[in-house]
Each structure stands twice: as structure tokens, then as C-alpha cells.
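Colleague: Taken in sequence, the protein lines are chains A and B. The numbering used here puts the first residue of the first sequence at 1, with every later residue one more than the last. The numbering used here puts the first residue of the second sequence at 1001, with every later residue one more than the last.
I should point out that these hints are in silico values taken from the structure, not numbers from a laboratory. Check before you lean on any hint, since a few could be wrong.
[Claimed, not checked] Calculated lysine-lysine pairs in the DSS-like style (CA-CA distance at most 27 angstroms, straight line):
1) Lys157(A) to Lys3(A)
2) Lys157(A) to Lys250(A)
3) Lys1076(B) to Lys1032(B)
4) Lys64(A) to Lys139(A)
5) Lys1076(B) to Lys250(A)
6) Lys371(A) to Lys1076(B)
[Stated by the list, open to error] Not close to chain A: a few residues of chain B, all C-beta gaps over 12 angstroms, as computed:
7) Ser1053
8) Ala1055
9) Lys1076
10) Lys1086
11) Thr1087
12) Ser1089
13) Asp1097
14) Arg1100
15) Arg1104
16) Glu1109
Here the structure is a predicted model, which means the values were calculated and not measured. For every residue, glycine included, the Cβ atom is placed at its ideal position computed from N, Cα and C.
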Amino acid sequence: MKKWSEVALGVITSIGGFLEVGSIATSTQGGAEFGYRLAWVLVLGTLSLALLMEMTGRLAAVSKRTYVDLLRERFGYRFFLLPLVAVFLVSFLVLASEIGGVSIALQMATGINFAWWAIPVALLGWVLLWRGTFGIVEKGTALLGLVALVFAVGALKLHPAWPAVGHGMLPSLPSDNRARYWYLAVSILGASISPYLYLFYSAGALEDGWTMEHLGVNRVTAGLGNVFGGGLAVAALIAAALVLAPREIKVDRYEQIAMVLASPLGRAGFVLFLATLCITCFGSTLEIVLALAYLLAQGFGWSWSENLKPEKDARFATVYTVLILLAAVPIAIGANPLTLTNVSMVATAASLPVTVIPLLALMNDGDILMKHVNGWASNVALVVIALLSVALLVAALPLQLLGG
Amino acid sequence: MQAFAMGTLRIGAMLALALSASACGSPPPLDKQLEAVSSWTATMQLARDEHGSGAITTTYATQLRDAALAALEESKQTIGQAAHSKTDSSYAAAALDSLRTAIRALNAETGS
């Protein structure tokens, strides 16, 4: 019974925590500009993330060490500095974007400029991190994040042509504007497969005390949670395809996105959109800042746990304190949250090889995983994701120039 | 692995440079600017309809209007540089007029 409740909570947490500033922005931009044509990218990104989370969760449950610990131990400090720096920089950009997402939601609700909200949002996040536990941070915000189900309701209310949606799940090219199409595809993949997601998941497995008995929970949580969560991103794309695309509205500002739910659901849709943007971005803010603190603490061998009192892991607590406040600065000085989001999603996509390729070696290390090493199917899937990550690294630069 | 690390680092640095460079280039071509103006015109029309049906608040509609005004001002500055013929200029003027009209209609709807 306990196992089932863990599975249910894990799946619900994954669904409630899936949507965030990047997935909301890029899915609606994709739907507004290319209808259902980019739905296949969401499917690809969601499946890739589910596989990466399952593998990093399995690593943690079997070895009792996080992915970051194993990266450092297996490849040495000199190599480890590369993923450390790359993941740190791109996750910091995403963190600033998430604070921007909360701030813009508050601006839309109150009329007070988003720049004024950045520091209060960061302070509220810091108080929760300082006083709260891992369970509160992870599950509390994700449960509230279930409000994002409103995207599914909105998409259903718009009565999409399902055969056309199904057709969008298969890769296809538009006749023009291909640079923009691929730029958005890379942005969507960056939003779907952020390294902080599987680094946080791996650290969370240890925070929750996972053992080999949790391998089933891990598989179901990573699989079902992400598939349902990815479904919400597809719903956002569908809503934008049916509300914005017919009117040729392109998403240049976050303010335009609220229309995708106000149109089919009226005032309730508008209010729930603001709640979704605010809660999901706030939840992601907490997750990313913790993921960054985990990254540094695990990388340098400091004591770490969100379940410990701050005086017991002072360096870990100092890192999240400093980072959450620093990340609020770009928004507080008026950086455009949508531009910041788009740039950070492309940078995230470009950073993937440094965390995906080493996983291939770790997942086949019998000393670490014993009989739980990857089978041939998992290895094929991971090689495909690794190749995809290299393609994203190579394509990110020209696409940012041509389509960004 | 070290060579892979150095290569990735170089590409990362190039990407960072390109990201900063792409933020400060010349104005976009006319067709892109016309698309942006027409997108804001449609946004204003949708906002007027949704405000009329009570789906969105006046506070939010006003923010959309302000964003459209900012887009209009920006386009007024840059669209002339991208229009290279009389036909281009008349398209640009018509697009800007449509946006002005849509903004006025939203103002009338919200009573501002």
C-alpha cells in the first residue's frame, strides 16, 4: 500500500511539476506559429526526459550516490568541471526566467510592473527553502501545480481535430520559415530536457531514501509522470494553435499567452492561467535553485540536504541563498522575461551533451549498477538521445542567429 | 574525454558570443516587421472581444494595450528603414494605421 501511495504521489508530483516557464512559452509559441506541426518535438522531448530521469533515478537508488557524485568519481575533477560550469550557467539563466514567469503572472494580475516583483518572489522562495523540507518544496509546489491541468480542459473545450493533432506527432517540415521552425524545435527540446530536471530527480531519490526496492516506483514515476506532464505541454500547444494561429498572433510577450485559456474558458480560464504560470514557475524556481545547490555541494563534497537545518549544511544553504537573490537581479532591472526564456532554452539544449554522453558510460558500469546496468534497448535509446544532444549543440548557434 | 571537454567548451563560448550578438543587430526585414505589427493588431482585436465578454480584466487589457503601443512606437522607428519602395511604404503605413485603429477600439472598450 505504501509503495502505491509513493507511486501515486510521484506521478502526481511529476505531472504538477512538468509545466514551467520554458514549456509554457515554447509550446504556445510553437502552436501559434506552426499549429500542431511541432507536437512531435514535445513527444520526443518528453520521452527523452522520461528515459534520462529513469536512468539517473536508477543510478541513485542502486549506488546510493547522485549522478553528480558519480560524474566526479568516475571521470575525475578536470572533466567534471565542464558539466559543472555548463549546467550551472544554463540553469542560472533558466532560474532567472522562472522568477520572470512568476513576476509577469503577478504583473498581469495586479498591473504592477514585473520588475517590482522579482526580489519579493526571490525572498519568498528563500524563506520556503530556509524553513521548509524537501517534501514541502518538491511535493507541495507540485501538488499546487496540478492547476496546470486547466490547459488540458482548455484544449478539450476548443475541440481540436484529433487526426490533425495525431499528424502533428509525426515529424514534418513547413514550406517556409524553416529556420524559425527549427529554432522553436530546439527551444522546445531545451525546455523539455533541462539537465536540472534529472539532476534534481537524482538528488531527490537520495533525499527520499530510495533503495533498490524503489526501482519500480522510479520507473513508473519517470514514465507515467512525464508522459502525463508532456500531455499538458501538448495541450498548451493545441490551445495556442486554435486560439492564436488562426488570428496570426505570434507570441512576442508573455502577456499574449493568457488569451489561449481566456478564449475557451472565459474569466475562469484567465484566472487559472495566471495561477498556473505563477505556481508552476515558483515551483520550478525552488527546484532549480536546489538543483544548483546540490550540484555545487555534491561536486565539492560538502554536506547537503534540504531536510537538514541550514546550520548543519551551511555552505549548501549559502549557495541557494545567494543564487536565488542573484537570479532575481536581471528581472528586477527589467530584462524581457520572454527573451530571457527563449535564450535560456536554446542554451540549455546546447548544454545537453556534457551530461547525457557520460551517462552512457555510467549506465553500463557493472561496478556501480551491478545487474541493473542498461539493457540493449535502453542503450539504443540513450545513444539516440546523446546523438540528438550533439545535434542540438551544433545547431543551437546558427539557429539562434537565423531563427531567434 | 578531455578533447571532448575542450571542444564543447569552445562551442559553448561561441554560442554565448552569438547569443549576445543576436540581441543587438540591424532592424528586421519589412515582412517580419509587418507580421509583428499585424500580430499586435490581431491581439488588440482579440483583447477587445474577450474584454467585452468579461473573460479578461481591464488591468490586463490595459497591459496588452501598453505592449501594443510600445510595439507601434518601435515599428514607427524601424519600419521606414526597411521599406525600400513606395509600395513598401504604403504597406507599412496601412499596417501601422490598422494597429492604431485596433488600439483605439480597445481603449473605447475598456473606457481608458
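Colleague: Hint by hint, note whether the structure agrees.
Modeller: The hints, checked one at a time:
1. Lys157(A) to Lys3(A): violated, 35 angstroms
2. Lys157(A) to Lys250(A): holds, 22 angstroms
3. Lys1076(B) to Lys1032(B): holds, 14 angstroms
4. Lys64(A) to Lys139(A): holds, 21 angstroms
5. Lys1076(B) to Lys250(A): holds, 19 angstroms
6. Lys371(A) to Lys1076(B): violated, 66 angstroms
7. Ser1053: violated, 7 angstroms
8. Ala1055: Violated: least Cβ distance 4 angstroms, not greater than 12 angstroms.
9. Lys1076: holds, 16 angstroms
10. Lys1086: holds, 25 angstroms
11. Thr1087: At roughly 21 angstroms from the nearest Cβ of chain A, Thr1087(B) sits farther out than 12 angstroms, so the non-interface label holds.
12. Ser1089: holds, 22 angstroms
13. Asp1097: holds, 17 angstroms
14. Arg1100: At about 18 angstroms from chain A, Arg1100(B) clears the 12 angstroms cut-off, so the statement holds.
15. Arg1104: The assertion about Arg1104(B) holds, with a minimum of 19 angstroms to chain A.
16. Glu1109: holds, 14 angstroms
The structure fails to meet hints 1, 6, 7 and 8 from the earlier list, while all remaining hints are met.
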